[in-house]
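Peer 1: Dock the two chains into a complex; use the hints.
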Amino acid sequence: MGEADECRRMKKTVFVTVGTTCFDALVKVVDTQQVKEELARKGYTHLLIQMGRGSYIPSTSSGEDGSLAVEYFTFSPSIADYMKSASLIISHAGSGSIFESLQLSKPLIVVVNEDLMDNHQIELAEELAERKHLLFTRPQTLYETVRTMDLESRIPYPPADATPVAKLMDKFLGFDD
Amino acid sequence: MENANHLCCPINIILFVISIFVARVAYVLYWSGKPLRTLIRQPMCTLIILGSGGHTAEMLNLVAVLEKDKYTPRFYIAALTDNMSLQKAQVLEESLAHQMHESARERTEVAQFMKIYRSREVGQSYLTSVGTTLVAIVHALWLVFKIKPQVVICNGPGTCIPLCAAAFLLKVVGIKWSYIFYVESIARVKKLSLSGLLLYKSNLADQFFVQWPQLQKKYPKAHYFGCLM
Chain R
1 MGEADECRRM
11 KKTVFVTVGT
21 TCFDALVKVV
31 DTQQVKEELA
41 RKGYTHLLIQ
51 MGRGSYIPST
61 SSGEDGSLAV
71 EYFTFSPSIA
81 DYMKSASLII
91 SHAGSGSIFE
101 SLQLSKPLIV
111 VVNEDLMDNH
121 QIELAEELAE
131 RKHLLFTRPQ
141 TLYETVRTMD
151 LESRIPYPPA
161 DATPVAKLMD
171 KFLGFDD
Chain V
1 MENANHLCCP
11 INIILFVISI
21 FVARVAYVLY
31 WSGKPLRTLI
41 RQPMCTLIIL
51 GSGGHTAEML
61 NLVAVLEKDK
71 YTPRFYIAAL
81 TDNMSLQKAQ
91 VLEESLAHQM
101 HESARERTEV
111 AQFMKIYRSR
121 EVGQSYLTSV
131 GTTLVAIVHA
141 LWLVFKIKPQ
151 VVICNGPGTC
161 IPLCAAAFLL
171 KVVGIKWSYI
181 FYVESIARVK
191 KLSLSGLLLY
201 KSNLADQFFV
211 QWPQLQKKYP
221 KAHYFGCLM
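Just so you know, the sequences run in chain order R and V. For the first sequence, my numbering puts the final residue at 177, and the numbers step up evenly by one. For the second sequence, my numbering puts the final residue at 229, and the numbers step up evenly by one.
These aren't lab readings, by the way, just hints derived from the structure by calculation. Careful, some of the hints might be misleading.
Partial selection, computed: residues in chain V whose CB lies under 10 angstroms from chain R [claimed, not checked]:
hint: 1; residue: 39
hint: 2; residue: 63
hint: 3; residue: 106
hint: 4; residue: 186
hint: 5; residue: 214
As a list, the in silico PhoX-like pairs of lysine-lysine whose alpha-carbon atoms are at most 25 angstroms apart [what the hints assert, rightly or not]:
hint: 6; chain 1: V; residue 1: 70; chain 2: R; residue 2: 167
hint: 7; chain 1: R; residue 1: 167; chain 2: V; residue 2: 148
hint: 8; chain 1: R; residue 1: 171; chain 2: V; residue 2: 221
hint: 9; chain 1: R; residue 1: 171; chain 2: V; residue 2: 68
hint: 10; chain 1: R; residue 1: 171; chain 2: V; residue 2: 70
hint: 11; chain 1: R; residue 1: 42; chain 2: R; residue 2: 84
hint: 12; chain 1: R; residue 1: 12; chain 2: R; residue 2: 28
hint: 13; chain 1: V; residue 1: 70; chain 2: V; residue 2: 190
hint: 14; chain 1: R; residue 1: 132; chain 2: V; residue 2: 191
hint: 15; chain 1: V; residue 1: 176; chain 2: V; residue 2: 115
hint: 16; chain 1: V; residue 1: 190; chain 2: R; residue 2: 171
hint: 17; chain 1: R; residue 1: 106; chain 2: V; residue 2: 88
hint: 18; chain 1: V; residue 1: 88; chain 2: V; residue 2: 148
hint: 19; chain 1: V; residue 1: 217; chain 2: R; residue 2: 167
hint: 20; chain 1: V; residue 1: 218; chain 2: R; residue 2: 167
hint: 21; chain 1: V; residue 1: 218; chain 2: V; residue 2: 34
hint: 22; chain 1: V; residue 1: 217; chain 2: V; residue 2: 34
hint: 23; chain 1: R; residue 1: 132; chain 2: V; residue 2: 218
hint: 24; chain 1: V; residue 1: 217; chain 2: R; residue 2: 132
hint: 25; chain 1: V; residue 1: 88; chain 2: R; residue 2: 84
hint: 26; chain 1: R; residue 1: 167; chain 2: V; residue 2: 176
hint: 27; chain 1: V; residue 1: 148; chain 2: R; residue 2: 171
hint: 28; chain 1: R; residue 1: 167; chain 2: V; residue 2: 68
hint: 29; chain 1: V; residue 1: 190; chain 2: R; residue 2: 132
hint: 30; chain 1: V; residue 1: 34; chain 2: R; residue 2: 167
hint: 31; chain 1: R; residue 1: 106; chain 2: R; residue 2: 171
hint: 32; chain 1: R; residue 1: 171; chain 2: V; residue 2: 217
hint: 33; chain 1: V; residue 1: 221; chain 2: R; residue 2: 167
hint: 34; chain 1: V; residue 1: 70; chain 2: V; residue 2: 34
hint: 35; chain 1: V; residue 1: 176; chain 2: R; residue 2: 171
hint: 36; chain 1: R; residue 1: 132; chain 2: R; residue 2: 167
Note that the Cβ used here is the ideal one computed from N, Cα and C, for glycine as well.
So that you can see chain V by itself, here it is in the shape it has in the complex (with noise of 0.2 angstroms):
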């Protein structure tokens, strides 16, 4: 009896909740950077993620080489801001359809191009920033979990920390497994950005990669594999 009401009690539960979850989170993390040790054969659904300021250029240069089939469909985000990251990503699906023979139908499917509201604009204020960051952590929850992708691309601009905080959201609730792969930009030279320096210490990236040496020499989880540019 004392038992059952020790159960009921509110306090009870709520650390009973938070405690699955964090083993939860703990699981996640565990098998975080971990690879894939089954053969698949099955394309997997991908999330790329833009950014201006060079970003967009490095990232699409990396998309160019991936082997199509292998990573489609594809969901190409931008900040709502940017007018001219999806317009190259088209760009270049397009020139690919091209070379594959895709119906305007089929390239729909295979391709297409979302945008979100970025958690603070350059040169805004830190007091509405706060605001601003909330609306695009609900908005990058809602995209995720519509796309509920299977690999998150992404090199830096600041919309990547909500999203690939989202596809672990799903990991940890167990809606959707996503291998989240992280390139810094090639602009970091000595030091990781924010966004990089978040998730490589975090180990939300699957796998982290830096375009300079000297880079990996201080982050040694890091890859260095040469330059996107």
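For reference, chain R alone in the conformation it holds in the complex (with noise of 0.2 angstroms):
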């Protein structure tokens, strides 16, 4: 019982999320065994993939010989608790998973998919990124994001005011008090 405890309050899981996406190049990087281990060397206990419409299935793991224990589902309702519970998000550069994250002040890496045309996201991964609030990656470079990931340098996302917008709106169309 305490050991299970204890188990429990060790816990820290890597949540890795493509949204509807299918983006099956992030989940074959996360499922090898060099990123694995170096998550697990970083002192992730958990890896929990939400694999979307890809078709990769990656592989399975109870983590009972000490290495990341790893599971995977398609898609799930509840992912705002998947994100809540995680210490670390891997996502793909859609913007709702991005500022979802962000305001779950939660370390993230928004990994690119480059097999998208028109891909105008990579636009906000990149801005984010200069400002230190995520790091930003393409699936054959994950590894190295995160073996030299410093989750302490990043700065939080400040909350956002949308009343400047309506203010200036209320003046526009005379709503003066």
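Peer 2: Structure representation (structure tokens):
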């Protein structure tokens, strides 16, 4: 019992999410031994993969031998809960996932899907990476990013405020009080 | 006699109608972007355009801070294939109604939810999208004619183009004057989206907002007032 409690306290989950897309390249790379070993070395104990519409099935593991425990699923209505309980999020470049992670102030690695045409979402991830709110990488460099990541240097994303826009709308429409 | 014949000539009539129409379009465009000078006390009928891929979350963050008694009634429109957006808007409206202690009947009066045909689904071929675009335009005209909004708020999903064009047409023909507010999605950092570019260049949007300072430098008519997310 005491041992189980200890396990729960120590649980550190990496949550990988591809949203509603198909992003096998990301699932494949987190499933490599190299990346999994590096994550374990960093102190993570669990790897949970949301694989979306992809066809590559990652190998699962119970993690009893001291390696990462790996699980996967396709879709779930409770993605938000998985994000909340994660210690690190590795996500596709969708703005929904990005802002959800940042607003939970989770450490975030965004992996861009180079197979997508007109991928304007790279712009957003790049800009937020420049501002040190997240780390931005590609599938082939994910291992390097995990190996060299320094979560202490990230800057929390400031809460947004829509009231200036609303105020200008009011003024424009003559709703002056 | 000759003059009368001249006027009856169908080409002349067509030219006459076209020139009136062009003059009216120019007049409407001239007044677009100019603030309402009179102080208004009446709430304004508001059309809010939602869209998947992050658009809805941004839009609802803005709607959440609007003063509800000014922007009433509110009509939410999302694409027919988008199941999540209207649901999220409903959750927001329910929490607002809860705060205001409104009954279910009052709630349906202040907020309504509608769906619109999309001009093009992701991955649809360009050939078939000609037909679906026509359907989407007619549907947009019908919805806007029914709602007759005074305020239109959108942030860039594809469906906002036919809806804004329909709202503009209602202005031109004199059925209903409206104010179009466009906030470019936060996902656009360096370049405007196609919807944004069309509304910016055509001057259809009365007020145009971007969410990154570097984008405002590139498009000086736009305002930058921080982020919605």
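Peer 1: Does each hint hold? Answer for all of them.
Peer 2: Verification of the supplied hints:
1. 39: 5 angstroms, holds
2. 63: 9 angstroms, holds
3. 106: 22 angstroms, violated
4. 186: At about 7 angstroms, which falls below the 10 angstroms cut-off, the nearest Cβ of chain R leaves the hint on residue 186 (chain V) intact, so it holds.
5. 214: 8 angstroms, holds
6. V:70 <-> R:167: 12 angstroms, holds
7. R:167 <-> V:148: Holds, at roughly 23 angstroms.
8. R:171 <-> V:221: 17 angstroms, holds
9. R:171 <-> V:68: 15 angstroms, holds
10. R:171 <-> V:70: 12 angstroms, holds
11. R:42 <-> R:84: 20 angstroms, holds
12. R:12 <-> R:28: 21 angstroms, holds
13. V:70 <-> V:190: 34 angstroms, violated
14. R:132 <-> V:191: Within the cut-off at roughly 21 angstroms; holds.
15. V:176 <-> V:115: Holds, at about 22 angstroms.
16. V:190 <-> R:171: 28 angstroms, violated
17. R:106 <-> V:88: With Cα atoms ~23 angstroms apart, residue 106 (chain R) and residue 88 (chain V) stay inside 25 angstroms; holds.
18. V:88 <-> V:148: 24 angstroms, holds
19. V:217 <-> R:167: 22 angstroms, holds
20. V:218 <-> R:167: 24 angstroms, holds
21. V:218 <-> V:34: With Cα atoms ~22 angstroms apart, residue 218 (chain V) and residue 34 (chain V) stay inside 25 angstroms; holds.
22. V:217 <-> V:34: 21 angstroms, holds
23. R:132 <-> V:218: 24 angstroms, holds
24. V:217 <-> R:132: 22 angstroms, holds
25. V:88 <-> R:84: OK: residue 88 (chain V) and residue 84 (chain R) at ~19 angstroms, within 25 angstroms.
26. R:167 <-> V:176: 24 angstroms, holds
27. V:148 <-> R:171: Status holds; Cα separation ~22 angstroms.
28. R:167 <-> V:68: 13 angstroms, holds
29. V:190 <-> R:132: Distance ~18 angstroms between residue 190 (chain V) and residue 132 (chain R) Cα, so the pair holds.
30. V:34 <-> R:167: Holds, at roughly 16 angstroms.
31. R:106 <-> R:171: Roughly 37 angstroms separates the two Cα atoms, so the pair is violated.
32. R:171 <-> V:217: 23 angstroms, holds
33. V:221 <-> R:167: Satisfied, since the Cα-Cα distance of roughly 18 angstroms is no more than 25 angstroms.
34. V:70 <-> V:34: It holds: about 19 angstroms lies between the C-alpha atoms, which stays within 25 angstroms.
35. V:176 <-> R:171: The given pair, whose Cα atoms are some 21 angstroms apart, holds under the 25 angstroms limit.
36. R:132 <-> R:167: 30 angstroms, violated
Checked against the numbered hints above, the structure violates hints 3, 13, 16, 31, 36; every other hint is satisfied.
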